[in-house]
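Chemist: Sequence:
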Amino acid sequence: MLTVASDIDVLARFGRALADPIRCRILLALRQEPAYPADLAEALGVSRTRLSNHLACLRDCGLVVTVPDGRRTRYELADDRLGHALDHLLATVVAVEADKTCPDAATKGCC
Numbered sequence: 015m016l017t018v019a020s021d022i023d024v025l026a027r028f029g030r031a032l033a034d035p036i037r038c039r040i041l042l043a044l045r046q047e048p049a050y051p052a053d054l055a056e057a058l059g060v061s062r063t064r065l066s067n068h069l070a071c072l073r074d075c076g077l078v079v080t081v082p083d084g085r086r087t088r089y090e091l092a093d094d095r096l097g098h099a100l101d102h103l104l105a106t107v108v109a110v111e112a113d114k115t116c117p118d119a120a121t122k123g124c125c
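First residue of the sequence shown: 15, per our numbering; consecutive thereafter.
Treat the hints with care, since some could be wrong.
Label pairs and their in silico Cβ distance ranges [unchecked claim]: (1) Pro-35 with Thr-80: 21 to 29 Å; (2) Ala-33 with Gly-84: 18 to 26 Å; (3) Ile-36 with His-98: 21 to 29 Å; (4) Thr-106 with Asp-34: 17 to 25 Å.
Hints in this document: simulated from the structure, not taken from any laboratory. Idealized CB from N, CA, C, for every residue including glycine.
I would like the entire structure built from these sequences, with the hints used as guidance.
Modeler: Okay, structure coming up:
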């Protein structure tokens, strides 16, 4: 049975997906166009095994879906609005002052 996730659960899932640079690169690539795993692995310079693990995470988070295409499987964003959300998020982050960082950036590795 499908259930509707709470806003907090949705944001936590999205945050978990964005917490890894490879998953971010996958989402940005799929924002441009759907792709096959072998092509994504080559474009991102990662092994197919590593890519497969990240794609599984993104599927589990509900951010990407598989689309059967003959004997192959293509990946794409689960919803077109996700691409727009990524665009808005990028624009928002880029708008932040470049010389501002978190006070804990040096010790916690953020920002």
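Chemist: Indicate, hint by hint, whether the structure satisfies it.
Modeler: Comparing the hints with the structure gives:
no.	hint	in the structure
1	Pro-35 with Thr-80: 21 to 29 Å	holds, 23 Å
2	Ala-33 with Gly-84: 18 to 26 Å	violated, 34 Å
3	Ile-36 with His-98: 21 to 29 Å	holds, 22 Å
4	Thr-106 with Asp-34: 17 to 25 Å	holds, 20 Å
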